[in-house]
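Residue numbers (the UniProt record's numbering), protein chains in the order written: chain A, 1 to 267; chain B, 1 to 267; chain C, 1 to 267; chain D, 1 to 267.
Hints were generated in silico from the structure; no laboratory data involved. Please read these numbers as outputs of a predicted model, since none were measured by experiment. Where a beta carbon is used, it is the ideal one built from N, C-alpha and C, also for glycine. Treat the hints with care, since some could be wrong.
To be verified - Label-pair distances were calculated between CB atoms; the ranges are:
| no. | chain 1 | residue 1 | chain 2 | residue 2 | range |
| --- | --- | --- | --- | --- | --- |
| 1 | D | Thr213 | C | Gly56 | 28 to 34 angstroms |
| 2 | C | Val26 | D | Thr213 | 53 to 59 angstroms |
| 3 | B | Trp77 | D | Leu215 | 18 to 24 angstroms |
| 4 | C | Val26 | B | Arg20 | 57 to 63 angstroms |
| 5 | A | Arg55 | D | Arg28 | 52 to 58 angstroms |
| 6 | A | Trp98 | D | Arg28 | 24 to 30 angstroms |
| 7 | B | His54 | C | Leu49 | 31 to 37 angstroms |
| 8 | D | Pro99 | C | Arg145 | 36 to 42 angstroms |
| 9 | D | Asp82 | A | Phe155 | 23 to 29 angstroms |
| 10 | A | Phe155 | C | Ala32 | 39 to 45 angstroms |
| 11 | D | Ala158 | C | Pro99 | 20 to 26 angstroms |
| 12 | D | Ala158 | C | Val26 | 18 to 24 angstroms |
| 13 | B | Ala70 | D | Thr213 | 38 to 44 angstroms |
| 14 | C | Pro47 | D | Leu215 | 19 to 25 angstroms |
4 protein chains.
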Amino acid sequence: MARRLRSELYRQLEPQAWRRAGLSPVNRALVALILASVALAVLETEPSLGAAFHRGLGVAQVLIGGVFLAEYVVRIWIAPEDPRYAERFGRLRYALSWPALVDLLALAPAFLLVGGGEAYLLRMARLLRILRIARLGRFSRASARLIAALAARRFEFAVTLAFGGVLMLLASTLLYLVEGSGQPEAFGSIPRAMWWSIATLTTVGYGDVTPITPLGRVFAGATAVVGIGVIAMPAGIVAAALGEAMRPERRPTVRPQAREDAAPARN
Amino acid sequence: MARRLRSELYRQLEPQAWRRAGLSPVNRALVALILASVALAVLETEPSLGAAFHRGLGVAQVLIGGVFLAEYVVRIWIAPEDPRYAERFGRLRYALSWPALVDLLALAPAFLLVGGGEAYLLRMARLLRILRIARLGRFSRASARLIAALAARRFEFAVTLAFGGVLMLLASTLLYLVEGSGQPEAFGSIPRAMWWSIATLTTVGYGDVTPITPLGRVFAGATAVVGIGVIAMPAGIVAAALGEAMRPERRPTVRPQAREDAAPARN
Amino acid sequence: MARRLRSELYRQLEPQAWRRAGLSPVNRALVALILASVALAVLETEPSLGAAFHRGLGVAQVLIGGVFLAEYVVRIWIAPEDPRYAERFGRLRYALSWPALVDLLALAPAFLLVGGGEAYLLRMARLLRILRIARLGRFSRASARLIAALAARRFEFAVTLAFGGVLMLLASTLLYLVEGSGQPEAFGSIPRAMWWSIATLTTVGYGDVTPITPLGRVFAGATAVVGIGVIAMPAGIVAAALGEAMRPERRPTVRPQAREDAAPARN
Amino acid sequence: MARRLRSELYRQLEPQAWRRAGLSPVNRALVALILASVALAVLETEPSLGAAFHRGLGVAQVLIGGVFLAEYVVRIWIAPEDPRYAERFGRLRYALSWPALVDLLALAPAFLLVGGGEAYLLRMARLLRILRIARLGRFSRASARLIAALAARRFEFAVTLAFGGVLMLLASTLLYLVEGSGQPEAFGSIPRAMWWSIATLTTVGYGDVTPITPLGRVFAGATAVVGIGVIAMPAGIVAAALGEAMRPERRPTVRPQAREDAAPARN
Chain A
1 MARRLRSELY RQLEPQAWRR AGLSPVNRAL VALILASVAL AVLETEPSLG
51 AAFHRGLGVA QVLIGGVFLA EYVVRIWIAP EDPRYAERFG RLRYALSWPA
101 LVDLLALAPA FLLVGGGEAY LLRMARLLRI LRIARLGRFS RASARLIAAL
151 AARRFEFAVT LAFGGVLMLL ASTLLYLVEG SGQPEAFGSI PRAMWWSIAT
201 LTTVGYGDVT PITPLGRVFA GATAVVGIGV IAMPAGIVAA ALGEAMRPER
251 RPTVRPQARE DAAPARN
Chain B
1 MARRLRSELY RQLEPQAWRR AGLSPVNRAL VALILASVAL AVLETEPSLG
51 AAFHRGLGVA QVLIGGVFLA EYVVRIWIAP EDPRYAERFG RLRYALSWPA
101 LVDLLALAPA FLLVGGGEAY LLRMARLLRI LRIARLGRFS RASARLIAAL
151 AARRFEFAVT LAFGGVLMLL ASTLLYLVEG SGQPEAFGSI PRAMWWSIAT
201 LTTVGYGDVT PITPLGRVFA GATAVVGIGV IAMPAGIVAA ALGEAMRPER
251 RPTVRPQARE DAAPARN
Chain C
1 MARRLRSELY RQLEPQAWRR AGLSPVNRAL VALILASVAL AVLETEPSLG
51 AAFHRGLGVA QVLIGGVFLA EYVVRIWIAP EDPRYAERFG RLRYALSWPA
101 LVDLLALAPA FLLVGGGEAY LLRMARLLRI LRIARLGRFS RASARLIAAL
151 AARRFEFAVT LAFGGVLMLL ASTLLYLVEG SGQPEAFGSI PRAMWWSIAT
201 LTTVGYGDVT PITPLGRVFA GATAVVGIGV IAMPAGIVAA ALGEAMRPER
251 RPTVRPQARE DAAPARN
Chain D
1 MARRLRSELY RQLEPQAWRR AGLSPVNRAL VALILASVAL AVLETEPSLG
51 AAFHRGLGVA QVLIGGVFLA EYVVRIWIAP EDPRYAERFG RLRYALSWPA
101 LVDLLALAPA FLLVGGGEAY LLRMARLLRI LRIARLGRFS RASARLIAAL
151 AARRFEFAVT LAFGGVLMLL ASTLLYLVEG SGQPEAFGSI PRAMWWSIAT
201 LTTVGYGDVT PITPLGRVFA GATAVVGIGV IAMPAGIVAA ALGEAMRPER
251 RPTVRPQARE DAAPARN
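Just chain A, same shape as in the assembly (with noise of 0.2 angstroms):
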């Protein structure tokens, strides 16, 4: 009985498991836990929200932990389900996993918050709750896909990048030498200039730098204009990637003889 209850268990945990679409009831409340977990890590930064409010959000962290727990042991206890981790030492396998390491290091924060601590390494260590939402990652099968369409162009975007990277030296290199004078606090070295290179190459703007001389801003009105290919560039790379990627996926059927005829056409 124990053995359908471990199975059972294994199919409502493992997304992969599930044969039916979507998510599985249990890993559904999983991620909205984690989901809300998350908001109360991002909300409890907040001070203005008061001293009762807080501790409400400390022992809904502690109820939130002891259910992330609980699922960490059970994963554990049904890790020899998965056939990677039938054999022996699975679940000792499984526990030092990637994902298990993950669930753990997202527990540890949660219990530290109990016991007390240091100040400001447990602001920092509540943080780490963040990486709960990492676990969303294995939930989703399709991210997966788009995630590949992507990195089959990483060449692209690395090219993209160093050319990006050195328009940037060379804008800040310009304002340097124009602005830096008149304005040593925002140009006054290439390093300070790149602060303002860099909101305007990603077209960003804050305004909070800005060249006042006629000639710095003839500069950077190039640079603005440039920084329209910097974003231009990804975007059309992605959208190069995702034309190619979306295609296949929705014809798996395919006759041969077609896919002969038209194979040149098609990726």
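On the provided structure of chain A, position chains B, C and D as indicated by the hints.
Here is chains B, C and D on its own, set in the frame of chain A:
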């Protein structure tokens, strides 16, 4: 004779019943009236326009409301022309359909205005008129096609949104840790830092809140660079989705043979 | 002999009559002169350049105006070389054609400047010279191809624009309700809030006007996220339209057979 | 034996001569050294780092310069290994080739620094070291492919740039007319208004200069909306160009027959 009038009105009011290209004259007038009504509702909120102008706006809104009331009554009268509402209780079933309820909801504020009432609620209620614009949607067959192309990619958009959310969380946490003590008002908690991180990741970059420490600026620069990815992803998904959706709409008369051969290349 | 001169001038001035690649030497000189004339008109508005400089600009504009006047006269003289204006009243019909009228309109300010006159009107009139740049359009055959590709998608752009307009209305209304009482100057009416919402939806983000209440910032953040969609849509439509348009232009000599086989895959 | 050393050095230094994937160990070290040298040149401009740090940077730059000098000499020695420089005067012809001259130019500042000299020129000269990064380009075969794809679309980019220039002119002129009298510093001439219009059309939106009159804001809003098109166009062109360029690189072994049939669909 009433029958012929009803049939003609149905042809004029129901876009699908209009055989010729574009909208019927009556529908074109209604679209213009909806746009005028929304523009008036927007102008009504501007206090600097003067009392006489506001009285004029009020009168105009009542007149436009009268036209929409007449249209509402006519639409109920002609409902049985629609095959879906031709059977018994057709008019009642039409009156309870979603488009008819939106019409009714959008009618309400025009007449609440006449009767007077609590000022704040009325101000809210007047804005409901803007819902009228939602009716424009039913005039347009083609926007549905665009929406369908994007809806087919809703999963990719959701993954991008989730990815953007994780990035926002990460950027907010880093800036909270680095800039929190120096600028408690802007970065004193993760929720506060989110205002900055969302403005940066979307490349809006208001600049009302910016990091001032060197380390904060390094993280902010990295966030801005990553933000390019956040805006490149949806642009790429839209491009891939539309690239696919636009193709078939142009070739409705492809020979079956050719269609068969090149089918895998098409979508 | 006048005949041969007329024929040669027509070949030099009419881009379509020029057999070799690119622009004829005369047209290349005219394009340079138009650009110089526009640059001078722009510089003329700058008060800090000094009286002597402005006198020099004035003289230069009159000289350039003389060249354009000569070109205008020559174009009328050679009009009958064009098959469209070869019949009787050809020169008159050419003089009343749209390109000739634009030329005439762009000639006016250069000579109004000489005669003196009311200062404000002259300032306006001088700017008409910028219209000359519109003539560059007729030199370029290829930009027409780009415009055609985008014009074929004008409906998709219109839907995007309407969608963006509804979003702007919604964002302005929300911010007006939430921030209107606290910042009456910036959000005290829907038209005022539109200044903020258009800067946010287009991701320009000036930052001269930003929400200060937590709820206002939540809505503003949502608007910024939605704004990504507003800029992703046109980028995606352009990408899809050009992706289609770029292909056929490269293969003007495809064998009919091959064209037939792969036709469905092509556009 | 010198022959074998020369051959081995050529294999290590010339990326095309390296048979295995990626870069040779020597080239990998050189890339790291170039990046370090550029980073040091950037840090040298920061005055807050202290005199001791700057002395250290100076020493590091001379050491790195020594390595690059050695590399320059070695490259001249091994030049005849390259078939292009195998004939007589090969070393001289290599020394006069573009890559060798860039190397020489980038070597200069390291040793000018040692000899002392006029401060301002030296500051400029040091920045020439950044040119060294241009040599990274020759290590990368694939970036050339990306550049080729974009260069094939240079005409479309030029049309977009011209279109953006006309829009900038139009927006600057309108804002000059409307806001010029109220804000003479920011909009008192068309060149001044261009600083605002370029920040708006590129969606950078610094916000240091914004219109304040209602009419000025209406025109500015329209400019921001049009600016979306200005950034959507290059993104779309890049997407279409890469969408095309990415395809053939994956299928180098298509059967001639299939290639013939579907050729029109390919590019």
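Here is how each hint holds up against the structure:
{"no.": "1", "hint": "D:Thr213 - C:Gly56: 28 to 34 angstroms", "in the structure": "33 angstroms, holds"}
{"no.": "2", "hint": "C:Val26 - D:Thr213: 53 to 59 angstroms", "in the structure": "44 angstroms, violated"}
{"no.": "3", "hint": "B:Trp77 - D:Leu215: 18 to 24 angstroms", "in the structure": "46 angstroms, violated"}
{"no.": "4", "hint": "C:Val26 - B:Arg20: 57 to 63 angstroms", "in the structure": "50 angstroms, violated"}
{"no.": "5", "hint": "A:Arg55 - D:Arg28: 52 to 58 angstroms", "in the structure": "56 angstroms, holds"}
{"no.": "6", "hint": "A:Trp98 - D:Arg28: 24 to 30 angstroms", "in the structure": "29 angstroms, holds"}
{"no.": "7", "hint": "B:His54 - C:Leu49: 31 to 37 angstroms", "in the structure": "48 angstroms, violated"}
{"no.": "8", "hint": "D:Pro99 - C:Arg145: 36 to 42 angstroms", "in the structure": "38 angstroms, holds"}
{"no.": "9", "hint": "D:Asp82 - A:Phe155: 23 to 29 angstroms", "in the structure": "26 angstroms, holds"}
{"no.": "10", "hint": "A:Phe155 - C:Ala32: 39 to 45 angstroms", "in the structure": "42 angstroms, holds"}
{"no.": "11", "hint": "D:Ala158 - C:Pro99: 20 to 26 angstroms", "in the structure": "22 angstroms, holds"}
{"no.": "12", "hint": "D:Ala158 - C:Val26: 18 to 24 angstroms", "in the structure": "21 angstroms, holds"}
{"no.": "13", "hint": "B:Ala70 - D:Thr213: 38 to 44 angstroms", "in the structure": "41 angstroms, holds"}
{"no.": "14", "hint": "C:Pro47 - D:Leu215: 19 to 25 angstroms", "in the structure": "22 angstroms, holds"}
The structure is inconsistent with the numbered hints 2, 3, 4 and 7, although it conforms to all the rest.
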